[in-house]
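Turn these sequences into a full structure, and let the hints steer you where they fit.
Sequence order for the protein chains is A and B. For the first sequence, my numbering begins at 1 and goes up steadily by one. For the second sequence, my numbering begins at 1 and goes up steadily by one.
Think of the hints as simulated: they come from the structure by calculation, not from any bench. Being a predicted model, the structure only gives us computed values, none of them experimental. One should not assume that every hint holds.
[To be verified] Using 35 Å as the maximum straight-line C-alpha spacing, the simulated DSBU-like pairs for lysine-lysine come out as follows:
| # | chain 1 | residue 1 | chain 2 | residue 2 |
| --- | --- | --- | --- | --- |
| 1 | A | K176 | A | K110 |
| 2 | A | K106 | B | K6 |
| 3 | A | K244 | A | K176 |
| 4 | B | K55 | A | K110 |
[Unchecked claim] Which bits of chain B does chain A cover? Going by a derived footprint, with three or more residues having C-beta under 8 Å, they are:
| # | region |
| --- | --- |
| 5 | 105-115 |
| 6 | 134-147 |
Yeah, the Cβ is synthetic: ideal placement off N, Cα and C, and Gly gets one too.
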Amino acid sequence: MIEVSGLTKFYGPRTAVSNLSFTVNTGEVVGFLGPNGAGKSTTMKILTGFMPASTGSVKVNGFDVFDHPIEVKRSVGYLPENPPVYMEMVVEDYLRFAARLHDVPKAKMKQAVDSAIERTGLSQVRKRIIGNLSKGYRQRVGLAQALVHDPKVLILDEPTVGLDPVQIIEIRELIKSLAGQHTVILSSHILPEVTATCQRIIVINRGQIVAQDSIERLTTRMRQGLVFQMDVKNPNERGIGAMKAIAGVKDIQVAGSRLQIEILPEQAELRDRIVEAAVRENMGVLEFSAEKLSLEEVFLQLTTQEHTV
Amino acid sequence: MNFSLKKAWTVASRDFRSYFTSPIAYIVIAGFLVIMGWMFFFNLSHFSLQNMQYKQYGMGKGMSITEGILRPLYGNMNVIFLFLVPFITMRLFAEERKMQTLQLLMTSPITLTEIIIGKFLSAFLLVLTMLGLTGIYPVILILCGNPDAGTLVANYTGTLLLASCYISIGVLFSAMTENQIVAGALTFAAGLFLWLINWASQSAGTFWADFLDYLSLIQHYNNFSQGIIDTTDVIFYFSFIGLGLFFTHRVLDSYRWR
Numbered sequence: 001m002i003e004v005s006g007l008t009k010f011y012g013p014r015t016a017v018s019n020l021s022f023t024v025n026t027g028e029v030v031g032f033l034g035p036n037g038a039g040k041s042t043t044m045k046i047l048t049g050f051m052p053a054s055t056g057s058v059k060v061n062g063f064d065v066f067d068h069p070i071e072v073k074r075s076v077g078y079l080p081e082n083p084p085v086y087m088e089m090v091v092e093d094y095l096r097f098a099a100r101l102h103d104v105p106k107a108k109m110k111q112a113v114d115s116a117i118e119r120t121g122l123s124q125v126r127k128r129i130i131g132n133l134s135k136g137y138r139q140r141v142g143l144a145q146a147l148v149h150d151p152k153v154l155i156l157d158e159p160t161v162g163l164d165p166v167q168i169i170e171i172r173e174l175i176k177s178l179a180g181q182h183t184v185i186l187s188s189h190i191l192p193e194v195t196a197t198c199q200r201i202i203v204i205n206r207g208q209i210v211a212q213d214s215i216e217r218l219t220t221r222m223r224q225g226l227v228f229q230m231d232v233k234n235p236n237e238r239g240i241g242a243m244k245a246i247a248g249v250k251d252i253q254v255a256g257s258r259l260q261i262e263i264l265p266e267q268a269e270l271r272d273r274i275v276e277a278a279v280r281e282n283m284g285v286l287e288f289s290a291e292k293l294s295l296e297e298v299f300l301q302l303t304t305q306e307h308t309v
Numbered sequence: 001m002n003f004s005l006k007k008a009w010t011v012a013s014r015d016f017r018s019y020f021t022s023p024i025a026y027i028v029i030a031g032f033l034v035i036m037g038w039m040f041f042f043n044l045s046h047f048s049l050q051n052m053q054y055k056q057y058g059m060g061k062g063m064s065i066t067e068g069i070l071r072p073l074y075g076n077m078n079v080i081f082l083f084l085v086p087f088i089t090m091r092l093f094a095e096e097r098k099m100q101t102l103q104l105l106m107t108s109p110i111t112l113t114e115i116i117i118g119k120f121l122s123a124f125l126l127v128l129t130m131l132g133l134t135g136i137y138p139v140i141l142i143l144c145g146n147p148d149a150g151t152l153v154a155n156y157t158g159t160l161l162l163a164s165c166y167i168s169i170g171v172l173f174s175a176m177t178e179n180q181i182v183a184g185a186l187t188f189a190a191g192l193f194l195w196l197i198n199w200a201s202q203s204a205g206t207f208w209a210d211f212l213d214y215l216s217l218i219q220h221y222n223n224f225s226q227g228i229i230d231t232t233d234v235i236f237y238f239s240f241i242g243l244g245l246f247f248t249h250r251v252l253d254s255y256r257w258r
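The following block contains the structure:
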């Protein structure tokens, strides 16, 4: 449904996005994850045809964004970072305007607006002026605007910003319910959000893709080795020395009876030799476990690795 | 490029309506009508007084309604539009840029040309409404006098065209900045300058004098005020409007590329 290849965008001398390539299949919900300023919004602006790319190509629904912007825009619903709402308009009128802009035929107008209002929970405020609504409601009006023409592709830039916890859960449920019939790309710098709604994540940092995978595989991949914890009865220098001597062990930190053993990622299969060494030196192993990495830590590792390169 | 008036109308009708959901339309229209009414009243009373004196002292025929009322009235109306149009146009793009609603338009299946024409039309319709409300003056004149219908039509046509030129300038400056005040001030300054530009023609050589006269917005109005609709003037105004909107297109397009 969405094919991006070699996408690069310069802002003057600064590279905002460099050589991004990915595809999103029909019905998938994909999360764009990255720290602030990583290039998420820029990528989304290019996908929606708001901004042209410096090089590279983007195809949405089979149409090239640069050559056929109108066809692409017709099949995309976009919620920018700040909901593009007219403060002086009434919610209903605004949605009708958005629908007319997106070529919703007159006969289907009422139904389209009603269903967008219902899906985003705006029924109570449909006759109110947008400027008088709270930030959360404005955000929902923005979302309703993206949904009103029932687009094949939804591009949501930080859709839950400014919402209260209850609303966040509602919007997440809404996004999940869109999967299957709609292709959704959403961006976020909040990890639980992505975990809660997306099937696949693309992590970008400094304009480059640092990882793209399903959430489970990404966390397991990062959890392989790296840091293990060992609780022992009898920590002794010889044992620790023996473990350190094993090739592939990077560092061991001792805190009382707990050892933090760091191994090079590709050496994860060293585990039995480490335990063996501990048993041989009579350390009295009580527990040996891989330190579980949350998505936060994965994310931090991925995005900070870049710094050291 | 295929242009759809329906799409432009979607934008125009929203903007036209939003003039009336904010105080702008009411303030501009009320201010305009108060000033115009004031002028019309004094033009009329001055004119009738003068004509009475002419008759009283047997000085022959006094001024015609065209000379005594229509020309000063519609001439002044042009000046007032010069002041008021910036208030009408300043928000058109500046506000959309500031509130980031321009993103909605630019990511919708509508071309930039349609958006710009739509914006222009919304301001044009407001000016048309204002002009329509001044229709009461000709009605009064017809009821108690015999004004020249041709002159009236020419004056309205000329005023509408001249005001459209101001709108075109206003749309351009509004697209250039996020700040409405800046957009309005620049529109007024540019409009006034293009009006006065032929002042320099008195001291310039023949070619430059003609050139500056040709550029001057008000110079092209002279014929209209005398009841003449000259295609040269009409073409000048149309090209001026077209050029302004073309530049607007370039400005907004370049904004995407930055």
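For each hint, the structure was consulted:
no.	hint	result
1	A/K176 x A/K110	25 Å, holds
2	A/K106 x B/K6	12 Å, holds
3	A/K244 x A/K176	47 Å, violated
4	B/K55 x A/K110	68 Å, violated
5	105-115	holds (count 7)
6	134-147	violated (count 0)
Consistency note: the structure conflicts with the earlier hints numbered 3, 4 and 6.
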